[in-house]
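Visitor: Listed here are the chains, written in short residue letters.
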Amino acid sequence: MKGSDRRPDPASSGDSAVLADAEADGEAHLTLDQAFDSGTLYALRAAVQAHAMEAGLPESRTDDLVIAVHELAANAVRHGAGAGRLRMWERDGAVHCQVDDGGSPAAGGDAGPAGNVAERWPFLPGHGLWLVRLVADQISVFSAPAGTRATVVFSSGKDPSGTAP
Amino acid sequence: MPVSAHTQVTELSPDAHACLTFGEQEDLLDLTAAYVRDGLASGFRVVVLSDSPQLAAAKLVWREIAAETAVAAGQMVMVASQDSLVGPQGFSAAQAMDWLRDQLADSRRQGYAGMRVALDMSWALRPMTGIEELPVLEEEIAAAVTGAGMSVLCGYDRERFDPVTLALIAPFHSHAVAAATYYDDPVLRICRQYVPPGIRLAGEMDFLAAEALALALGEAIRIDGDITINMANLSFIDASSIRMITEAAASLDPSRTMVLRCRPAIEARFAQLGADRLPQVSLVGVDEG
Chain A
70 MKGSDRRPDP
80 ASSGDSAVLA
90 DAEADGEAHL
100 TLDQAFDSGT
110 LYALRAAVQA
120 HAMEAGLPES
130 RTDDLVIAVH
140 ELAANAVRHG
150 AGAGRLRMWE
160 RDGAVHCQVD
170 DGGSPAAGGD
180 AGPAGNVAER
190 WPFLPGHGLW
200 LVRLVADQIS
210 VFSAPAGTRA
220 TVVFSSGKDP
230 SGTAP
Chain B
29 MPVSAHTQVT
39 ELSPDAHACL
49 TFGEQEDLLD
59 LTAAYVRDGL
69 ASGFRVVVLS
79 DSPQLAAAKL
89 VWREIAAETA
99 VAAGQMVMVA
109 SQDSLVGPQG
119 FSAAQAMDWL
129 RDQLADSRRQ
139 GYAGMRVALD
149 MSWALRPMTG
159 IEELPVLEEE
169 IAAAVTGAGM
179 SVLCGYDRER
189 FDPVTLALIA
199 PFHSHAVAAA
209 TYYDDPVLRI
219 CRQYVPPGIR
229 LAGEMDFLAA
239 EALALALGEA
249 IRIDGDITIN
259 MANLSFIDAS
269 SIRMITEAAA
279 SLDPSRTMVL
289 RCRPAIEARF
299 AQLGADRLPQ
309 VSLVGVDEG
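Residue numbers (the working numbering), protein chains in the order written: chain A, 70 to 234; chain B, 29 to 317.
Hints listed in this document are in silico derivations from the structure and should not be mistaken for laboratory results.
The structure displayed is predicted, hence computed values, not measured ones.
It cannot be assumed that every hint is accurate.
Said to hold, decoys possible - Here's a subset of chain A near chain B, in silico, CB distances under 8 Å, partners left out:
1. Gln103
2. Ser107
3. Leu110
4. Tyr111
5. Arg114
6. Asp132
7. Ile136
8. His139
9. Glu140
10. Ala143
11. Gly195
12. His196
13. Gly197
14. Leu200
15. Leu203
Said to hold, decoys possible - Sample of chain A residues lacking proximity to chain B, with all beta carbon distances greater than 12 Å (derived):
16. His98
17. Ala104
18. Ala112
19. His120
20. Glu123
21. Gly125
22. Arg160
23. Pro194
24. Gln207
25. Pro214
26. Ala215
Every residue, glycine too, gets a C-beta built ideally from N, C-alpha and C.
Hey, can you work out the whole structure from these sequences and the hints?
Guide: Quick look at the structure:
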């Protein structure tokens, strides 16, 4: 599952190969693992803000991380299954946030993951995902049969040698 | 239509005894400003009572009320509660009514057609002797305004006054006044702003309240002239809401301005998404709170 049938979204920037995911990298020390839907986006933002500050992000970068996670989660709510899951961890002096969109919209029979990442994850100027790409240090979006997984990385400016496993 | 069972502050009769129960300080200031503005425009004498007249004057000036000019001309009086309704020995309804009747007599002597009195009632939250007479004062004001060419707007903070007191004083008022509200839940409030005209967003705004925001913006841009989106108490706004506001601004005739009042972090977000490039947009940063 993690190999050939996942492909990077052509719109994503950065070197996707270096981005870890929660299963491979962070499961053992997740700082936040929270399910969300349209009714809990407010609580999700509050939790991300608290953890970003705890991780030592400056105030403006905390604001950026909060809106980045919100926009990814909002996209999952609006264009994915209507719910999803956020996982957050720290590694190498950076905060990683991974949003899974919970799969295809239940109603849309033609909305399988193959071939329509661009449709479900539109990077239009002025739109949410465009803003995410603007503020995140790295972003990657992968589509898999189980749904779409988006990961953003924000450097916390800490010395990575102290936090690396 | 916004959901509101209340009288609009702009539609009060000349002898109204109105009760404004507010949840946010901005509501009190905005509705008081509209009440003052309309009173001055009608040629009435206007008396504004608050705990801090200097602070109240500064807040009115931001709202385009020429407070200093009106005060210098004698048409407007800014008074501190402790120099008017409350005496050095504490509070008594009789003494407070003497002060109010003196104000009315002054207005008539100076030839004003009417008088408007805005009372920020927060003084009544302080412990003081005689405060149990508060309902007596409200009852006597109700009797005094009838046919007197005087109206009184009493502002009560609904978070700080206890429900029993509010229930006691409410029946003595002829009108209940509140801002027209488009959306109100614990996370977000969208309401009309009267002075300067526009809308006010407080809390956290995201796409879930898009319908209410569209309605509020639609009503705001239908009025003439410049409009203000007051986001001084907004701590979060998402990209889709920014886009909706920006698109509303872009739809305005270029001769009109949409003033976006917001905290630095929100101001930066609007700029990031290109709002500052629109000729109709004026981004104004404000301090938090």
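Visitor: Go through the numbered hints given earlier and state which of them the structure violates, listing their numbers in rising order.
Guide: 1, 18, 23
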